[in-house]
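Q: Each chain, written out:
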Amino acid sequence: MSDEVILQVKDLKTYFTVDEGIVKAVDGVSFDLHRGETLGIVGESGSGKSVTNLSIINLISTPPGKIVGGEVLFHGKDLLKMSQNEIREIRGNKISMIFQDPMTSLNPFLRISTQMIETIMLHQKIDKKAAKEKAIEMLKLAGIPAPEKRIDQYPHQFSGGMRQRVMIAMALSCNPEILIADEPTSALDVTIQAQILELMRELTRKLGTAVILITHSLGVVAGMCDTICVMYAGRIVERGRTEQIFESPRHPYTQGLIHSVPRLDQETKDRLYSIPGQPPNVIDLPDCCPFYPRCEKAMDICRKKYPPVTSFEHNQSASCWLYAKETQNV
Amino acid sequence: MRKILFALFALLAVAGLSAQEFTMVNGAEPTSLDPHAVEGVPEHRIYTALFEGLTINDPRTNRALPAVAESWSFSKDYKTCTFKLRRGTTWSDGVEITADTVVQSWLRKMDPKNAFQYADLPAMYIAGAQEYLDGKAGPESVKIRAVDKYTFEVQLVGPIPFFADMVSHYAFAIVPLHAIEKYGTDWVKPDKMVSNGPFVLSEWKPQEKIVVVKNNKYWDAKNVVLKKITFIANDDINVGYNLYKSGAADWTEAVPLELMDEAKLRKDFHVAPQYGTYYYIFNVTRKPLDDARVRKALAMSINKNDIVNKVTRGGQIAANGFVPPSTGYTPAKGYGYDPATARKLLAEAGYPDGKGFPTLSILYNTSSSHKSIAEFIQAQWKENLGISVNLLNQEWGTYLDTRSQSHNFDIARAGWIGDYLDPSTFLDMFVTGGTQNDGLYSNKTYDELLQKSRETSGNERYQLLMEAEKVLIDQDMAILPLYYYVTQNLIDTDKWDGWYPNPLNVHPWKFIRPKK
Amino acid sequence: MARYFIRRALSVIPTLFIVITLSFFLIRLAPGGPFARERDVPEAILQNLLKRYHMDEPLFKQYLRYMGDILRWDFGPSYRYRDLTVNEIIDHGLPVSMSLGVISLALAVVGGIAVGIISALNQNKWQDYVAVSVAVIGISVPLFVMGPVLQLVFGMRLKILPIGQWVSTHGLKAIILPAVTLAFPYFAYIARLSRASILEVLRSDYIRTARAKGLKESAVVWKHVLKGALLPVVTYLGPAFSGIVVGSIVIESVFLVPGIGRPFVQSALNRDYTLIMAEVVVYSLILIIANLVVDIIYGLLDPRISYK
Ligand SMILES: Nc1ncnc2c1ncn2[C@@H]1O[C@H](COP(=O)(O)OP(=O)(O)OP(=O)(O)O)[C@@H](O)[C@H]1O
Ligand code: SF4
Ligand SMILES: [Mg+2]
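Protein chains in written order, with our numbering: chain S, 1 to 330; chain D, 331 to 846; chain G, 847 to 1154.
Here are some, though not all, of the chain G residues that point toward chain S, as calculated from beta-carbon distances under 10 Å:
id	residue
1	N970
2	L1048
3	S1050
4	D1051
5	Y1052
6	R1054
7	T1055
8	A1056
9	R1057
10	A1058
11	E1063
12	A1065
13	H1070
14	K1073
15	L1077
16	D1148
These aren't lab readings, by the way, just hints derived from the structure by calculation. Source: prediction; values computed, not measured. For every residue, glycine included, the Cβ atom is placed at its ideal position computed from N, Cα and C.
Let's have the full structure, built from the sequences with the hints guiding it.
A: Below, the structure written as structure tokens:
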């Protein structure tokens, strides 16, 4: 992993206006991504993972959403301040995305060739024939058998796993610097999940692509990621190198997550642990630690003020009153 | 200056030209242009532009005017009528019309093989014709003949002093047999049709329009001013009315009932008495309608003035008698609005205050005005007699079947417009077994009076007919007259000359011209 | 695919056969007949009329005769319009009705989709509000009200369009009001339908993918949104065309259009058996063919459907 930071997210805030009030889906998220790094973003459903990543390439639809603050610096240039034309040059080219559901993420009415070629031609300024060759090559890399034939077929003629391979081939076809994969395997069969993750890892290593991998499951990130950010209610509550997070999770939420990962090396006598309670409603959240209703270690202060960030060794950090200097002084 | 003058001149010429073109909203697409197949008003209007019989109708009085015949005379007993044909009258292709053309034309109309509607009309009056029509005798039995090239003679079944008026009717049309022979049924198509009226057919676009242009071979062509007439086919009276109002048409008949009040305020809206009656038929074979007292009670409990003033609102005239009045003929008095007497009569018939009176129904064909009238009468009977009736509406075909074939009705709406100006066109309907006697009325005295009328003429005949109507209405109240129709026409008579309201609503085109 | 359509086309034959047979007998069940008049036709004439049209024969024989004629596409003489054969009436009216129908459908589809796109892309802006209100009017105002209102405004007040009649009298201008009136409810419905389905497609995952690939918004709409969004519109084409065909019967009277709709009404009222039959056959054929065409278009648009 190089120490060159290619993407810097600073205090990103994305809110949605809905009838009930303002949803603070992402509320002050910051992280850095290095060249070739694989960063995992983990969190429960609704914690703001997808919104964070859509905000990075400025794809939040307004209304109802709006990026209300922060910066997303790509090689030092703020993507959020770019014109539509400029950011389109980045999308699919320098930063590309793969989505959760391969069954719905490909246009069912267009041939695979059409969908792949249009991206390649758009960004690489090559003619149709060359673009098609490139597309076939990418499909081959992605492990699609007989790509010359398959490329002229429609999505419905592919299985789910195959489609996700197509998505990966398409996303990597312009050799992006960053691949954002938003739960790329959660809609797939368990056996296929592993294959897809393996394919992603192999291809991105080969091409030197940095990856932001979004997932519910710590199990997935464990094998894939260099670094992990844990999100809860629109904020990153803990971050650190993967080994560190698994070895010494600091935040009670991270601890709960790790506790709930099924482990092959332990006999599970009891039922699998799961964090009690529901993720909070992020509408009109008061100033507090949003985890306190579910936290076994909650203190008085936790419901009065959002905890500050505490840093630990090896660049690990967490937002929890348990470690804040203020509480320790009291 | 010369240029301006020229432009002015051209403008005048154009204005003059367009004033010689006439457009009318003619109603439904004509069912046929063959004069012998004509049976409706729209067809009739086209017929009068294209063809002339021995006589045509006077535009004011509807009496006979010379046409193909330049004069006529009757034998003393009024049983033979002789027409003198105008020499040199030709078809539009130049072929001459002679007495033999008339003979052959009338035979064609009555030829049973041709099965023309209205063939029974001439057959009813011409001696020997009924036998021919019924297929019991050959054409030689029909007592019509060409005395010489220009003299045509008819022997009648009795004294018929109005026969010359009658032959203006399309049932007595003269047709170009030479063209019919040549083209068969296609002879009526624009490029083939030959006619003898003031106009000839130039264009026929089915369901859209028929255009006729001046016939230069017409015997009186020098007195025909219009150069072109367009008949627009239309089956929605609203659009017809709008076409007229917007200036796209010069004449239309029908005014939507909802717009009647607006139309009545217009200077160019002409309402005039028509030779026709709107009435209800009683099915006299059904109880309690077989009792004349009940029929009279029903008649006397309707305020007919309210019907014409509040319901139809188009200037119609409340009618107590059945035959519309005409010179020398006074209709039966009938019974006016008199609810008290009506209640008495109903009580006498065994239904005091309407108690025990069965629920009858009024049958009418689907139309908003028939419906409004029936609703009004329903309310009047309820109020004045305390009886309830149902309303039963049927679409045209079903209604006709119920009314005239199965006779499966209590009271049915009907209307009749005379084919020619003679009371017999109304009274003939109700003889025992008559084809239009849908209420199955039968009265010997009535039948005898009508039979006798056929054997007499003049004043004596009118007395017999008036007598008969008294039996039909005053004595038996076999049918319930409601009002006399009026003709309703929208035409600007400040702009057009030669158009006059008249009882048959027949307007020969040769007289119509722009006002100077 | 070709085989599928040949099979579909052949399946029209039994359908038509059933339609013709049923109609033949059903219309003769209606009370009255073609020669019923207020003034009864004298018996002698009636007998001759019946003979002339073979109505004196046993019904089944008439049926066989009719089926024989129809195989030669000979609809026989009209009972009401003595001067014309039924074939002539249809030949005159069908091109008029078809052009009115096709133009109306085109107006409804092109206009409806265009407005649908505009309002979907401007959701909750003024363009959208205008389009939605127009659609509500179009869907709720019946033809026989819309027609006269347009006549009043454009024909009588502004005097820029003819109130009635057809191309031979007024040129192409004559088509505008009837076509617009006829198209309006379907235009409105298609606008609403395409707006809704475009909005739905815009929210779909594959559109997010297209945007994430860096495509321009216009390319996203034209290449990725429309094809999928228009499928519900295509499905609606069948009912829309039937509706337009039926509506044209009303519209033809209101605007004096010389199509086959007006003779259809007249033939039904007057029990013109031969003409009713021909109209039924022609209308059935139009509807059957229209549905076949819709199927073809649908198949071409949606690759997930395969015809075997
Ligand atoms: N278009 C939108 N309108 C309103 N609220 C939205 C919208 N998109 C997202 N949100 C809200 O933002 C919050 C974060 O959503 P997000 O999709 O980022 O969650 P996530 O972490 O990706 O969850 P999941 O694991 O289910 O994908 C949620 O509460 C969601 O309801
Ligand atoms: S801040 Fe308090 S409530 Fe929140 S995680 Fe830490 S201990 Fe629990
Ligand atoms: Mg998500």
